[in-house]
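Asks: Protein chains in written order, with this note's numbering: chain F, 1 to 540; chain H, 1001 to 1453.
Hints should not be assumed to be uniformly reliable.
Claimed, not checked - List time: in silico BS3-like cross-link candidates among lysine-lysine, alpha-carbon distance up to 30 Å:
hint, chain 1, residue 1, chain 2, residue 2
1, F, Lys-196, H, Lys-1184
2, H, Lys-1409, F, Lys-499
3, H, Lys-1409, F, Lys-323
4, H, Lys-1184, F, Lys-192
5, H, Lys-1409, F, Lys-86
6, H, Lys-1439, F, Lys-192
7, H, Lys-1184, H, Lys-1056
8, H, Lys-1259, F, Lys-196
9, H, Lys-1260, F, Lys-196
10, H, Lys-1439, F, Lys-86
11, F, Lys-323, H, Lys-1240
12, F, Lys-195, H, Lys-1259
13, H, Lys-1259, F, Lys-192
14, F, Lys-192, H, Lys-1260
15, F, Lys-323, H, Lys-1259
16, F, Lys-195, H, Lys-1184
17, H, Lys-1438, F, Lys-86
Said to hold, decoys possible - Taking CB as the label site, the calculated pair distances span:
hint, chain 1, residue 1, chain 2, residue 2, range
18, H, Ala-1082, F, Lys-29, 43 to 53 Å
19, F, Arg-155, H, Pro-1217, 45 to 55 Å
20, H, Lys-1259, F, His-158, 37 to 47 Å
21, H, Ala-1447, F, His-461, 21 to 31 Å
22, H, Ala-1082, F, His-461, 56 to 66 Å
By construction, these hints were calculated from the structure, which means they are not laboratory data. Being a predicted model, the structure only gives us computed values, none of them experimental. Even glycine gets a Cβ: it sits at the ideal position worked out from N, Cα and C.
Each chain, written out:
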Amino acid sequence: MLRIQGGTVYDPANGVNGVVKNIVLDGGKVVTSGEGGRTIDATGMIVFPGGVDVHTHVAGAGLNFARSMIPEEHRQSSPILRSRTKRAGIGGPTPTSFATGYLYAGMGWTTVNEAAVPMLTAKRTHDELHDTPIVDKACCVLMGNNELILDLLERGEHERAKQVVAWYLWAAKGYGIKVVNAGGVAAWKWGKDAKKLTDVVEGYHSLTPGAIIASLARIIDELNLPHPMHLHCNNLGAPGNVGTTLETMKTLESHRAHLAHLQYHAYGGDDWESIRSDAPAIANYFNAHKNLTTDAGAVLFGNAITLSADGPWQYLLYQLTGKKWGNIDVENETGCGVVPYVYREKNIVNAVQWATGLELLLLIDDPWRVALTTDHPNGTSFWRYPEILQLLMDASFRKEEFAKLPEKARSRTCLADLTREYTLYEIAILTSAGPARTLGLSQKGHLGVGADADVAIYNAHKNAATMFSHPRYVIKGGEIVVEDGDIRTTPESRGFITKPSFDPAIEDYLRPLFQSQYTVAFENYPVEMARIPRPIVREV
Amino acid sequence: MAVTATDGFIVRKRSTTITTLLPPLSVVPNATCAGCGCVCDDIELQHDGRSIYVAKNACERGEAWFREQTVERQSSEVLLDAAVEAAAEILHAADLPLVFGLGDSTCEAQREAIALAEQLGGTIDTETSLSHGSMEMAAQLGGKITCTLGEVKNRADFVLYWGANPAETHPRHFERYTLTTTGKYTPSGRADRTLVVVDVRETASTAEADVFLRIRPGQDFEALSILRAVVQGSRFDEAKLAATGLTLDQLRDLSRRMKKARYGIVFVGMGLFQTRGTFMNCAAVTALVIELNSWTRFISMPMRSPGNVSGADAVLSYTTGYPFAVNFSRGYPRYNPGEFSAAGLLARGEVDAALIVGTDAAARLPQAARDHLSRIPTITLDAKPPTFTPRVHITTAAVAAGTVYRMDKVPLTLRPPITSAAPSDETVLRLIRDALAKKSAWYPTAAAVMPAK
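Between the sequences and the hints, there should be enough to build the whole structure, so can you do that?
Replies: Okay, here's the thing in structure tokens:
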């Protein structure tokens, strides 16, 4: 039993906007009332539901590939010292697994969605998430370039494709389905890309990225998955890619979809010289289409590691930067690229990217449909979220930062005209209530009776970056995990899994394909349930 | 009954005189073998719960690996407790203890070993530092362009082994992943692929090659760099080429074949890890492969072995950020190959206690390092008796249930059908950690480990 007394509560899912009220937690849940236990005096403090990250990369083959490639970054990052409550680790652009849990919890975030899991190596993703303490997790598994599925889509076998998708999702113990550069990653294995939705995918006769996106969105809706298709659009990062993004949104008109890191898909211009923000065009369309949700994928200046299943884009980025290049092609399923990157304030392209992320967050009028992300570790590390919150809540601070950009970049964005300031209520939507709803996690992102007892309590402070960097208390599952800036305990987290129904006969179709196209036995492919601690299985 | 190749190896002979009285053997399909970095998962085992008799599809290495898996004689729990306490005492008393080995342990055991090294404020290193660690260092210099083995099976029409002899070190590599296997875009298997082997001598692998290039020892960096120049069409020093033992015609032919390939792969073997240049040899491979990606798709991969050394890289990387040679003496992970590699630490006499998991690991160390192991209190964990006399030896199960990573870092689950009476590495490491937890604990303070600038 834990009582939070006298705090000013922001609980948008229940319409509570800055009301002084008591919250009682018991048995890991929010309850109506109770006796005994500890009372936290939260008088004058701000009470939020624990933060929810709808799109981050914190575990798995790709991220770990990046980690092992960048000792020079680790050496200049904040060390996490071993203590009575903490395992040793490293912060920086790609924090180590234990550090990831401490750093998320340390700013009040209690649930994360690992947004790109190759299914062939999902066992290791789940193992790493097991060693990422405190925060609860969901995983989106990669299917937009799965050749077993693409082959079925090309042949028009929709029903069978749906069964295969459902089988895979359960085999990988995923929560949702991710599509990255549909068809483009499969094409990359032949050295090609798929930038246009209407181009036939390399290696196929008639299949196009547009058809892959439309078919998978339909399958995901028909399977009634709690989270819509999680889509990384084609043509990421390229000047003028706004056309591809708008076309993608039109393709999705009759389906639900979550557009990941929209900032990277909202550029106008013809080339790197003329790149500009086209956020208004994207935001206008997006505002009018309620079937869509998105996350910002905002960028902050400084060192970052870019990491994506989008192999061809990462190769291009390597050619642009001349830095290190990492690449993994994953049989039948997906790929991965890694390129260290520095976002520089004085670089026109980077300055435009910085402004575009903020423009989208300010121009999308419904905070329920846009979430705060940096596509960690791509735009910057997740532990810099509070800096973005300050930029959203303080227009004069934003103006000062904007003034530091090169003149040429300032003329390529409308950010200077935007005077909107986010309220605390809207920030609670952006960081918690909204992403929880997008993920379909009804027990997260709110403080109503029956919700998970995940609470962030902040000392009120006029500087949002200061306030959100250092919560006074963070409570996870009813336990105080952060107090006075230190980790107090590291409870075992929970994993969300979706179990769609499928016809078991689909295994007879898949088994020979595994024999001929995979290098692991069909029976050895599925992730064992024992790898997910305290799983919460949603059957649909 | 005569045994044919398709029956696989008879791991152990049953008594023939009383066969009719014996219960039938249980069959386990799709069992995983971690005898080498191939980690084949298509083995069919026949066992009686005490020993494995048949391992269908396994190679010689796999056969030996399965033969070790038996219900060992029950060791006394009293003895185990005493040994664990003695180990904890040695490690607790040490100023700079080393945890080394782990190449044959499960990821779960590796996880415990890292936690132990951290608890001790010691150093942890694995067999990686003696082999493909050079490839990891090259990745830190310039990157790493790789794939899972199924891409080779499905796509590769050009396969090159440089300084590797898979026919002996990874006996089923050709058959399952790279050469004779058929795949989605390689329906004719061997006929769809060109095999090139570069080595200093003829081996069982060079015998299979379409092209065998014999290179002079220690000339790998030069040959790889000149090959890249030939691919690029840029200049190189002809005297340096002559020193490699290769001719311009040979390199031109190789370059042509590489550019013409649809999907090519370079497998990198011990020959590059153990000769002059080590990680620069590997960086030259990476630079070549990056160059070739301007023409077609090209990939490289180190021939990782033993069975789960890849798992050690992965678990260390996600826990500490670094793939091997990690030191915790400041309370957070630091990395420096050479400084924190087992071979160097031991040869320089810096380590004052060692825990070796898998005694083969000790056998692989250079002589100067092994000499120091016999001077300091050393604890060994292994199913086999140690090849030297440690202060404490704890017999562990030859194989335990858990996770192993294939050489391409694809994770697979080990489910040994025989439960050994001996405890697993994972269990013993946890018991040592528990015993240590009862002693005075060491925690770093910020002031002590990060002096003010």
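Asks: Which of the numbered hints are not met once you compare them with the structure shown?
Replies: 6
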